[in-house]
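**Q** The lines below spell out each chain.
Number of protein chains: 2
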Amino acid sequence: MKIGFIGFGEVASNLSKGLRDHGAEVCACVEGRSSRTRKNAEKIGVTLCSTNMEVAEISDVTLSAVVPSKAIEVAEEVSNHCKGIYVDMNNVSPETVNQALGLVKNGMVVDASLMGSVLKHGINTPVIASGPCAHEFAKLKTYGLNIDVVGTKTGQASALKMLRSTYTKGVSALLFETFSAAYKMGLDEELMKYLQKTECPGFKDAAASRIINSAYHAQRKSDEMEEVLKFLGKYMEPAMAHKTADFFRIIAEKVDLDEKPGDYRTIFQNLDVK
Amino acid sequence: MKIGFIGFGEVASNLSKGLRDHGAEVCACVEGRSSRTRKNAEKIGVTLCSTNMEVAEISDVTLSAVVPSKAIEVAEEVSNHCKGIYVDMNNVSPETVNQALGLVKNGMVVDASLMGSVLKHGINTPVIASGPCAHEFAKLKTYGLNIDVVGTKTGQASALKMLRSTYTKGVSALLFETFSAAYKMGLDEELMKYLQKTECPGFKDAAASRIINSAYHAQRKSDEMEEVLKFLGKYMEPAMAHKTADFFRIIAEKVDLDEKPGDYRTIFQNLDVK
Chain U
1 MKIGFIGFGE VASNLSKGLR DHGAEVCACV EGRSSRTRKN AEKIGVTLCS
51 TNMEVAEISD VTLSAVVPSK AIEVAEEVSN HCKGIYVDMN NVSPETVNQA
101 LGLVKNGMVV DASLMGSVLK HGINTPVIAS GPCAHEFAKL KTYGLNIDVV
151 GTKTGQASAL KMLRSTYTKG VSALLFETFS AAYKMGLDEE LMKYLQKTEC
201 PGFKDAAASR IINSAYHAQR KSDEMEEVLK FLGKYMEPAM AHKTADFFRI
251 IAEKVDLDEK PGDYRTIFQN LDVK
Chain F
1 MKIGFIGFGE VASNLSKGLR DHGAEVCACV EGRSSRTRKN AEKIGVTLCS
51 TNMEVAEISD VTLSAVVPSK AIEVAEEVSN HCKGIYVDMN NVSPETVNQA
101 LGLVKNGMVV DASLMGSVLK HGINTPVIAS GPCAHEFAKL KTYGLNIDVV
151 GTKTGQASAL KMLRSTYTKG VSALLFETFS AAYKMGLDEE LMKYLQKTEC
201 PGFKDAAASR IINSAYHAQR KSDEMEEVLK FLGKYMEPAM AHKTADFFRI
251 IAEKVDLDEK PGDYRTIFQN LDVK
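Residue numbers (the UniProt record's numbering), protein chains in the order written: chain U, 1 to 274; chain F, 1 to 274.
Incorrect hints may appear among the rest.
Heads up, the list lumps identical chains together, so a pair's fine if it works in one copy or across two of them.
[Unchecked claim] Within a straight-line C-alpha distance of at most 27 Å, the following computed DSS-like cross-link-like pairs (lysine-lysine) qualify:
#1 LYS184 to LYS105
#2 LYS197 to LYS17
#3 LYS105 to LYS120
#4 LYS184 to LYS153
#5 LYS254 to LYS105
#6 LYS234 to LYS184
#7 LYS197 to LYS139
#8 LYS120 to LYS43
#9 LYS83 to LYS260
Calculated from the structure, these hints are not laboratory results.
Build out the structure end to end from the sequences listed, making use of the hints.
**A** In structure tokens:
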């Protein structure tokens, strides 16, 4: 079984590692990416292709894992070249996913979404899938992927994902705002201590990690929130979600981090947090 | 040891029960309250006084646990009548707490805040205290109260509480918005299932309870968020917190529940959720 990745960011690299560990062949195209990305791919044992089209041509399952704004573009790029199943794993709205998958000529498509942090859960991250080839895609369970089929239509999986994002990204924005205020007052450690007492057992580490990731991935999260708004707007007038989107846009403009800091306070120290 | 309550809502009744179980004498004034409140107080074994002034006159420790908008008014009412320590336990800003406690003539005052849900944790709910008589107040640990002294100045405890509220009330608003959208799409149960997988072990019950309480106590929470904004506004331009305040104000206008529903869906069914 050969599994190909379009895009080679956090999602693709973490899943590749897990798939390799379970004996799958994995390929990807890292042209134009940093030497760090290339080295990482080589270390994992990923076969390198020179184009995304080549990836699609040789893979039994092609997984698209790019930034939301590229989802349609990459589907178009490989639309005539898919040998097997094409899976859109991007954090995009059902509308965008339907548009992207509609471009794939052989019609063997899947709408799939990660329902947790791939950084935290790796290959065990829950994945939900819908669409005509969802059950075919679910056979990748053999290679460690934690897939649940939630429906036969594309758009169903991404609808659930968008709802999940509404909540989890909102929580991240809330944590960032609350702790940036607490930090200014010198009360962030005390606050962490008391929230830890009544919220989740792992609250402290999860909160710190969400604050760091909010800043480090602000642009991507901002793009994702635009997809969330596009989706939610059809059902309601989003209020909290609107503010969450504003938040990530503002942070993306303010932040420029070369690498991920180990301590959330580094972010508040270096930023002119509004 | 006689402990008196000004106000007899959820906080006072839950703490009274715990204090009684630990052998304390408890008194309160329930004049003008419903017969259900009176019966509840009698059942717990609370001595009934005819006025708040009488409560303050006979108590070693008087605890104010009223809605935010009444915090100053009740402090003024009993200001000349406190035999012992006066403790402001209300969800109000440091500014409001200082104003209320400044009215108490004998100066034996404490700023105290509940750092968790009294419904969930009862007498074990973490309480933080600051102010000149905080250590005196902390002696109520003997009667089961879970008190930590966080400083010697009034305003310190309520600052931490306001920060906590910024986060927890924001989460409630987020849950309400997200699940009202999911409910409209028929996806609320699926969403609950996947969030439970990656969030807290007790996520499902906590989320349902937060949605229900958001609607049932919307007016009180709206008042509390106004205090939060008053406080945060001095340090930053609150964005998420502003939306949270708007949310509770809107829900308070829309909701009129006689009793607390057992299922969060009842709220979405009966409300014209925006």
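**Q** The structure should be examined with respect to each hint, and the outcome stated for every one.
**A** Verification of the hints:
| no. | hint | in the structure |
| --- | --- | --- |
| 1 | LYS184 to LYS105 | neither (55 Å within a copy, 33 Å between copies) |
| 2 | LYS197 to LYS17 | between (36 Å within a copy, 22 Å between copies) |
| 3 | LYS105 to LYS120 | neither (35 Å within a copy, 55 Å between copies) |
| 4 | LYS184 to LYS153 | between (48 Å within a copy, 19 Å between copies) |
| 5 | LYS254 to LYS105 | neither (41 Å within a copy, 49 Å between copies) |
| 6 | LYS234 to LYS184 | between (38 Å within a copy, 11 Å between copies) |
| 7 | LYS197 to LYS139 | between (42 Å within a copy, 21 Å between copies) |
| 8 | LYS120 to LYS43 | within (20 Å within a copy, 49 Å between copies) |
| 9 | LYS83 to LYS260 | neither (37 Å within a copy, 56 Å between copies) |
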